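Trainee: Given next are the chains, with one letter for each unit.
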Amino acid sequence: MSARETILQRLRNRTGGELTVPECDFSVLERPDWSTTERVERFEKMIESVHGEVHHCTEDSWMDRLAEVLATRGARNLLVAKAHEIGQSLRSADRNDLPELLIYDEPIESWQAHLFNEVDVSITSTRGGIAETGSLILWPTVDEPRLMSLVAPVHIAILKASELYTTFHEAMKAQNWAAGMPTNALLISGPSKTADIEQTLAYGVHGPKELIVLMIE
Amino acid sequence: MSETAEHADHHIDVKQFHPRAQAAIHNPKIRKNFRSAMDGLMAKRKAAFEGWDLETLRDLGANVRLRALANLPDLLEQLENKLTENGIKVHWAVDGDEACRIVRDICKARDAITVIKGKSMVSEEMELNHYLEEQGIEALESDLGEYIVQLAGETPSHIIMPAIHKNTGEISKLLHEKTGTDLSNDVEYLTASARQQLREKFMNADVGVSGVNFAVAETGTLCLVENEGNGRMTTTVPPCHIAVTGIEKVVPGMEDVSALLALLTRSATGQHITTYFNMISGPRKAEELDGPEEVHLVLVDNGRSSIYQDDELLDTLRCIRCGACMNHCPVYTRVGGHAYGTTYPGPIGKILMPHLIGLDEGRHLPSASSLCGACGEVCPVKIPIPDLLVRLRQESVDGDRLHPAKVRGHGAKRSAMEAMIWKGWAWMHASPGVYRFGTGVASKLRALQPASAGAWTNYRTAPKLAAKTLHQRMKERGQ
Ligand code: SF4
Numbered sequence: 007m008s009a010r011e012t013i014l015q016r017l018r019n020r021t022g023g024e025l026t027v028p029e030c031d032f033s034v035l036e037r038p039d040w041s042t043t044e045r046v047e048r049f050e051k052m053i054e055s056v057h058g059e060v061h062h063c064t065e066d067s068w069m070d071r072l073a074e075v076l077a078t079r080g081a082r083n084l085l086v087a088k089a090h091e092i093g094q095s096l097r098s099a100d101r102n103d104l105p106e107l108l109i110y111d112e113p114i115e116s117w118q119a120h121l122f123n124e125v126d127v128s129i130t131s132t133r134g135g136i137a138e139t140g141s142l143i144l145w146p147t148v149d150e151p152r153l154m155s156l157v158a159p160v161h162i163a164i165l166k167a168s169e170l171y172t173t174f175h176e177a178m179k180a181q182n183w184a185a186g187m188p189t190n191a192l193l194i195s196g197p198s199k200t201a202d203i204e205q206t207l208a209y210g211v212h213g214p215k216e217l218i219v220l221m222i223e
Numbered sequence: 025m026s027e028t029a030e031h032a033d034h035h036i037d038v039k040q041f042h043p044r045a046q047a048a049i050h051n052p053k054i055r056k057n058f059r060s061a062m063d064g065l066m067a068k069r070k071a072a073f074e075g076w077d078l079e080t081l082r083d084l085g086a087n088v089r090l091r092a093l094a095n096l097p098d099l100l101e102q103l104e105n106k107l108t109e110n111g112i113k114v115h116w117a118v119d120g121d122e123a124c125r126i127v128r129d130i131c132k133a134r135d136a137i138t139v140i141k142g143k144s145m146v147s148e149e150m151e152l153n154h155y156l157e158e159q160g161i162e163a164l165e166s167d168l169g170e171y172i173v174q175l176a177g178e179t180p181s182h183i184i185m186p187a188i189h190k191n192t193g194e195i196s197k198l199l200h201e202k203t204g205t206d207l208s209n210d211v212e213y214l215t216a217s218a219r220q221q222l223r224e225k226f227m228n229a230d231v232g233v234s235g236v237n238f239a240v241a242e243t244g245t246l247c248l249v250e251n252e253g254n255g256r257m258t259t260t261v262p263p264c265h266i267a268v269t270g271i272e273k274v275v276p277g278m279e280d281v282s283a284l285l286a287l288l289t290r291s292a293t294g295q296h297i298t299t300y301f302n303m304i305s306g307p308r309k310a311e312e313l314d315g316p317e318e319v320h321l322v323l324v325d326n327g328r329s330s331i332y333q334d335d336e337l338l339d340t341l342r343c344i345r346c347g348a349c350m351n352h353c354p355v356y357t358r359v360g361g362h363a364y365g366t367t368y369p370g371p372i373g374k375i376l377m378p379h380l381i382g383l384d385e386g387r388h389l390p391s392a393s394s395l396c397g398a399c400g401e402v403c404p405v406k407i408p409i410p411d412l413l414v415r416l417r418q419e420s421v422d423g424d425r426l427h428p429a430k431v432r433g434h435g436a437k438r439s440a441m442e443a444m445i446w447k448g449w450a451w452m453h454a455s456p457g458v459y460r461f462g463t464g465v466a467s468k469l470r471a472l473q474p475a476s477a478g479a480w481t482n483y484r485t486a487p488k489l490a491a492k493t494l495h496q497r498m499k500e501r502g503q
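Residue numbers (my numbering), protein chains in the order written: chain A, 7 to 223; chain B, 25 to 503.
Bear in mind the hints are in silico, worked out from the structure with no lab data behind them.
This structure is a prediction, so every number in the text was calculated from the model and none was measured.
Just to be clear, a hint being listed does not mean it is correct.
Claimed, not checked - Here are the simulated lysine-lysine pairs, DSS-like style, with alpha carbons at most 30 Å apart:
id: 1; chain 1: B; residue 1: K197; chain 2: B; residue 2: K113
id: 2; chain 1: B; residue 1: K309; chain 2: A; residue 2: K88
id: 3; chain 1: B; residue 1: K447; chain 2: B; residue 2: K406
id: 4; chain 1: B; residue 1: K406; chain 2: A; residue 2: K179
id: 5; chain 1: B; residue 1: K132; chain 2: A; residue 2: K88
id: 6; chain 1: B; residue 1: K406; chain 2: B; residue 2: K70
id: 7; chain 1: B; residue 1: K447; chain 2: A; residue 2: K215
id: 8; chain 1: A; residue 1: K179; chain 2: B; residue 2: K70
id: 9; chain 1: A; residue 1: K166; chain 2: A; residue 2: K215
id: 10; chain 1: B; residue 1: K68; chain 2: A; residue 2: K51
id: 11; chain 1: B; residue 1: K406; chain 2: A; residue 2: K215
id: 12; chain 1: A; residue 1: K215; chain 2: B; residue 2: K197
id: 13; chain 1: B; residue 1: K447; chain 2: B; residue 2: K68
id: 14; chain 1: B; residue 1: K309; chain 2: A; residue 2: K166
id: 15; chain 1: A; residue 1: K179; chain 2: B; residue 2: K309
id: 16; chain 1: A; residue 1: K51; chain 2: A; residue 2: K166
id: 17; chain 1: A; residue 1: K179; chain 2: B; residue 2: K113
id: 18; chain 1: B; residue 1: K132; chain 2: B; residue 2: K113
id: 19; chain 1: B; residue 1: K106; chain 2: A; residue 2: K179
id: 20; chain 1: A; residue 1: K51; chain 2: B; residue 2: K70
id: 21; chain 1: A; residue 1: K215; chain 2: B; residue 2: K70
id: 22; chain 1: B; residue 1: K202; chain 2: A; residue 2: K215
Construct the entire structure; sequences and hints are all you get.
Mentor: Here it is, written out as C-alpha cells:
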C-alpha cells in the first residue's frame, strides 16, 4: 500500500470515530468601519513602528517625491516595470533628476548577478494595503516579477489611500481570494529584519533594508 | 517509525534529561540568556493583543483548527487535487525517513548538489540536513538563527528563535572562526556579513527547501510566515522548491488563515504581523520571469495519524507552532531548549515528542512540568496542555485501568514496587479495620519517621505524622 493510502486510511478509520465539526464565528476579526483618514493614520503608525517609511503625495506629486527619495539615497538606478503605468510614466517623463531606469523584462537566469549585486532601488505597485497591521498586498505578475520587491536594498511601493482595507480578513473577502490565487501573493509589512542575534533588531538581513511607501491621496 | 526513532536519536539521548537540566540550571549564562529573552517575549505578546477580545479570538483559533482536523482526510485530498491542478507535485511520507528519501530523489533527478533551506521544524524532525549530507548533497540553512546554529554544529533551542541560547559575543566568535568575519559586537555588521555570504548561496543553490505554516485546501496555497526574506529567497530563487509539512497543517480556506495568522505572530513574537506573509500557489508559469520551475509538497505523517486516533490526544495536532507555551514556561525558561534533547522543546515538545519517539524514550518529558498551567492559558488554539501532560504521565506508568494506555512505549515508568504499594494502599483504604490498625500503628511509630525523604526534603521540611489519627480525635470529642 502506498504511503498516501496508508495515511488516508488510518485517518478515515479513526478508532475514536467521527469527529464533530465546530462552528467558526469570524466576527471577532471584524473592525468597525474606519474612515479613509483613520485607515491611513493606522497604516502609517503600524508600518513606521517596524521601520517602514510613508510619504504622502498625490497623483501629480509622487514623481517629485520619488526623485527626492532617490537623491537622498544616492541611488544609481531604479528598477521599474515595463508595462505598468508607474514604469511607463517614469520612462516617458524623461526627467533628469531620476537615476538610470532599469526594466525587468528578461528571465531571471539571464541577469541574476546583475539584479543581486547592482540594482539599488526598485519600485512596484500594490493591490492595496491593510491598515490594522500596516501591510502592503502584492501579487507579483509577469510585468512586476516576484524578486522586484525582494532583492534590491531599497523597495519603494505605491499605495493608493483609497485601496486601504481595515483588516486582512476584509481585504481577502473584498478581493475574493477564495476564488483563486496567483502563483505568488504577498503581504509585506516593513523592511526585511531579524532579531536572531540576541534579540537585537537588524534590518535588511536578506531582503530590502528600507521599505518606502508613496501613499497617493 | 522505529527506524525514525533511531535515526532521530543518534546525537542526543532524550532519556538523559535530568543531568542536562541540572547542568543548565547551574549555568548562569544560559539562564540569563533565556530569562531576558522570555521576559521580553511575554511582554510583547501581551502588548500585541491589547484591544483584542483575546478569549473569543482564541476560541475561534481552536475551532478553526478543530474544524480542519475533523475533516482532515478530505481536506488533504482536496489540497492534493488543488495543488496538482496548480502544477505543484504532492508526495506523501509515512515517516521522516521516507520524507528524506523523497527529497533526495527529487534532488537526484535534477542532479542537485546544493540545497538552501528556509526554516522548517518538520525538516528538523526528519533530520534532513544530516541525511542529505550523507547522500553527498550540501544543505545550508538560510534563516540567520538556523545558520548560526548550523555553523555551531548544534540544534535549535527554540522553535521560533533557534539561536536564542547564544549571546552576541559567542555568535561573533563563531562567525569569525567559521566564515572569517571580523570579531565585532555590532549586530548590524554581523547581519550584513551573513547577508553577503548567503546571497551567493541563494544564487547558486539547485533546490530550495522550506516548511509551511498553513496549507490551504480551497485554493491550493502554501503559506509561509517570516521576517527575514530568506523564506522568499528560498522559495523563489532556486529552480526547484520543495516544501515539507506535517499532515495536520491543512486548513479549509483563506478565511481560516486570517484567523490563525492574527494569533500566530502575536503569540510568537508579539508582532502584529511578520514582515513577509508569502502565499505560494504554483510554480513559475511559462511567461513569468522568475520563481521556481518545479514546486513539490511533501506531506509527512511521522506519528501524527496515531495521535489522531484518540479524542483527547488529538488536541496536540491543533498546534500552530507559535512557541508561546515555551516563552511562558517556568521550566523551559530555566533549563533552556537543549536540556530536553528533542526537536520540539518546552510544553509542546512534552506533549508531542512522546508520540514521535515513543513514551519509553520520552518518559521524562511529561514529568518535567510543575503543571502550573501557564502554557494552556497562552496557547492561541487553546490546547489543554496540562491535561495532556497528566494523561501522558498516566500512560507512562500504565496508571489508569479504566482507560488502557495507547501511546507507543507506554508503561515505561511503571515499577513493580510502586504498583504493589498502590495496590496495598487501595486495599488498606477499602478495609476499615486494616485502615484503623495501620494508621494507629503509624502514628505510634512516628518517632521513627526519617527526617529526610530524598530530593523532596532538599528544600522542604519532611511532614510529620500527627500523634493521633483524625478518627481517634473525633472519637475523643464524642462525635
Ligand atoms: S502548543 Fe499552543 S502555545 Fe505551544 S506552540 Fe503550539 S500553538 Fe503555540
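Trainee: Now tell me if each hint is right for this structure.
Mentor: Cross-check of the supplied hints:
Distance hint between B:K197 and B:K113 is unfulfilled; the C-alpha atoms sit about 42 Å from each other, more than 30 Å. Between the alpha carbons of B:K309 and A:K88 the distance comes to roughly 18 Å, so the proposed pair stays at or under 30 Å and holds. Note on B:K447 and B:K406: the hinted pairing is violated, with a Cα-Cα distance of about 36 Å set against a maximum of 30 Å. Taken as a hint, the B:K406 and A:K179 pair is honoured in the structure, with Cα atoms around 26 Å apart against an allowance of 30 Å.
For the hint pairing B:K132 with A:K88, the CA-to-CA distance comes to about 38 Å; that exceeds 30 Å, so the pair is violated. The straight-line distance between the Cα atoms of B:K406 and B:K70 is roughly 16 Å, inside the 30 Å bound, and the hint therefore holds. Between B:K447 and A:K215 the CA atoms are separated by roughly 67 Å; this puts the pair beyond 30 Å, and the hint is violated. At most 30 Å may separate the alpha-carbon atoms for a hinted pair to count; A:K179 and B:K70 meet this at roughly 28 Å.
Restraint check: the Cα-Cα separation between A:K166 and A:K215 comes to about 23 Å, which is no more than 30 Å; the hinted pair holds. Restraint check for B:K68 and A:K51: the C-alpha separation of about 17 Å stays at or below 30 Å, so the hint holds. At roughly 37 Å between alpha-carbon atoms, B:K406 and A:K215 are farther apart than 30 Å, so this suggested pair is violated. For the hint pairing A:K215 with B:K197, the CA-to-CA distance comes to about 25 Å; that is within 30 Å, so the pair holds.
Taken as a hint, the B:K447 and B:K68 pair is broken in the structure, with Cα atoms around 50 Å apart against an allowance of 30 Å. The hinted pair formed by B:K309 and A:K166 meets the criterion: a straight-line CA distance of about 28 Å does not exceed 30 Å. Proposed proximity of A:K179 and B:K309 is supported: the alpha carbons are some 26 Å apart, at most 30 Å. Between A:K51 and A:K166, the direct Cα distance comes to roughly 16 Å. Compliance with the 30 Å bound is thereby established for this hinted pair.
Between the alpha carbons of A:K179 and B:K113 the distance comes to roughly 28 Å, so the proposed pair stays at or under 30 Å and holds. The suggested pairing of B:K132 with B:K113 holds, with an alpha-carbon distance near 16 Å, which does not exceed 30 Å. About 20 Å separates the Cα atoms of B:K106 and A:K179, which keeps this hinted pair within 30 Å; it holds. Restraint check: the Cα-Cα separation between A:K51 and B:K70 comes to about 19 Å, which is no more than 30 Å; the hinted pair holds.
With a CA separation close to 28 Å, the supplied pair A:K215 and B:K70 stays within the 30 Å bound. For the proposed pair B:K202 and A:K215, the alpha carbon gap of about 25 Å is at most 30 Å, so the pair holds.
Of the numbered hints listed earlier, those contradicted by the structure are 1, 3, 5, 7, 11 and 13.
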